[in-house]
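Participant: Below, each chain spelled out in residue letters.
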Amino acid sequence: MWDSSMTTLIVQGTFETLYMTLASTLLAYIIGLPMGVLLVTSDSEGIVPMTLLNKTLNIVVNITRSIPFLILLIAVIPLTRLITGTTIGSTATIVPLVIAAAPFIARLVESSIKEVDYGIIEASLSMGASPMQVVTKVMIPEAKPSLIIGAAIATTTILGYSAMAGIVGGGGLGDIAIRFGYYRYETGMMVITVILLVLIVQLFQEVGMKIAQKQDRRK
Amino acid sequence: MGVLYPLFFKMILLFKFVDRRRVRNIETKKTSQKPIIEIKALGKTFRPKSGEVKALEGINLSINQGDIYGIIGMSGAGKSTLVRCINLLEKPTSGSVFIDGQDISKITEKELRTVRYSVGMIFQQFNLLMQRTAEKNILFPLEIAGVDKETAKKRTAELLELVGLPDKAKAYPSQLSGGQKQRIAIARALANNPKILLCDEATSALDPSTTNSILKLLKEINQKLGITIVIITHEMSVVEQICSHVAIIDKSKIAEDGEVEDIFRNPKTEIAKKMIFSEGDQGSVIMGRNTYRVVFDEKSSSDSVIAKMVLETKCLVNILHADMKNIDGFAFGQMVIQLPEDELSVARAVHYLRSHQITVEEVGTHVG
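These protein sequence lines are chains A and B, in that order. Position one of the first sequence corresponds to residue 1 (the working numbering), numbered consecutively onward. Position one of the second sequence corresponds to residue 220 (the working numbering), numbered consecutively onward.
Fair warning: there could be bad hints in the mix.
[As the list claims (entries may be wrong)] To give a feel for the contact side, a few chain B residues facing chain A, derived at Cβ under 7 Å: (1) N306; (2) Y336; (3) M340; (4) M349.
[Stated by the list, open to error] Residues from chain A that keep clear of chain B, each with C-beta distances beyond 12 Å, as calculated: (5) T8; (6) A23; (7) I30; (8) P34; (9) V37; (10) G46; (11) I140; (12) A152; (13) M164; (14) R179; (15) T187.
Bear in mind the hints are in silico, worked out from the structure with no lab data behind them. For clarity, every value in this text was computed on a predicted model and none was experimentally measured. Note that beta-carbon positions come from the ideal geometry of N, C-alpha and C, so glycine has one too.
Work the whole structure out from these sequences, hints included.
Facilitator: What follows is the structure, given as structure tokens:
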């Protein structure tokens, strides 16, 4: 059952998984980071209270987060086709991944930024910092270690989601596990893909924690 | 006559204070009389979901340029809210705040930010940026104000020198002691050459000797740079040590305000008496009948008045409490004495003291 085409398949699958995960994480942060910041700043206790915006954002985030990923994956197919022109393969999978991950990331960012001591924000306001300066010079840099840990969590979660996309032919290691391991009962293949997924998760988690620790000047 | 020994000892201490005052009096007292902060009919009401909380009510204050102005009160009196109203970190619900003649409660957010460049602030918890080095922390307000990099760098080096920590430039706040953190915070607050420095319980998290060195630094900044300093504290010792003026705030209102010497010599309100009295180690003093508070000013404190009174009036006194304070270079002593039961000797003693221009007042049975 084992030949060089299998090796090629697995190597390709690994690269597809990494591509989907990293591209989705990056795009999801582009949306999720500002959302998370807005969730904090627009709060009634925040630096620019905007109750309506805050409530709307909270509802949107909660709704998106409560839809199971598998359902979201299928529900957004028309949008996926509109954006990428296809509904299968790893590029197509990025669309539902970003939609699912962005609100999750928004929550991670929100909790990281809320960890920043309000005294420091107050001090920067007392020096005449504008809300934008508070965000870019205080909130984000001060929350950096926590944000990096959050990014490691987000990446590994997205990796897990990406494997699920195998169900609809999303490409990557998850796809291989489903096609060979599940449909064809090739247990060896299944074990190999799972081991690879475990290793990738470990790698991301470890690297994330190391960077966070190195960046943390609080101790 | 055994009771008199501690008294003589205190008298010797008084001499020392008077000497120091003479030296220091020459260099202080050159403040110009122009109000830099004026607070008019200020009120602040918090409206949490459960009812209303009046934090401040009808506050009127005028702080002159070059003053070191203490605002003292028990916790919960509203002093922290008051200092935040000066730079509008808290928006007052009524009244107005003038900084250098400008009503800052009526200007735009953007104009307010510019005003804040000229009002530095330091805090109890220092509030340094933990992810930045000491040097970068001082650089922070300069970045905010858009000062060009060259100038900012030079300024940062100057400020590190001023607060005595040039060797800590590259250290992160977590590597500094409490006193060092507050020094960096002071340097940061001074970066944009402010006219005013607000201190919110700036020494409350520090041990006594560090507190002294920080207070010394603040005094130095006041004298060297002419910066007006507003100090919020709950410790009378801080006011004694460096303030020229004081406002005592109690239950959201200003109970009493004026020059520190005047308030100490002649506190009018209960809260002022309580704050001045309870300072020191003994929390409260239980007094018997016929107790009097005797206040010495700079003239009488250099004279052994009580001893002379005892000798002349033959009235034996019992000293219940005595202490000496050095307020802004001014010797100030007070004593609580108990006089004998018979009214005639009491009258003689009180008359003797009053005729020597000493403030005497009867106190209740419980003070402190």
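Participant: Look at each hint and say if it fits the structure.
Facilitator: Comparing the hints with the structure gives:
1. N306: Interface hint status for N306(B): holds (6 Å vs cutoff 7 Å).
2. Y336: Holds. Min distance 5 Å.
3. M340: holds (4 Å)
4. M349: holds (5 Å)
5. T8: holds (45 Å)
6. A23: holds (29 Å)
7. I30: holds (23 Å)
8. P34: holds (21 Å)
9. V37: holds (17 Å)
10. G46: Correct as stated: the minimum Cβ-Cβ distance to chain B is 14 Å, above 12 Å.
11. I140: With a cut-off of 12 Å, I140(A) comes too close to chain B, as the shortest Cβ separation is near 10 Å.
12. A152: Label holds. Min Cβ-Cβ 18 Å, cutoff 12 Å.
13. M164: Non-interface label stands for M164(A): nearest chain B Cβ at 36 Å, farther than 12 Å.
14. R179: holds (47 Å)
15. T187: holds (49 Å)
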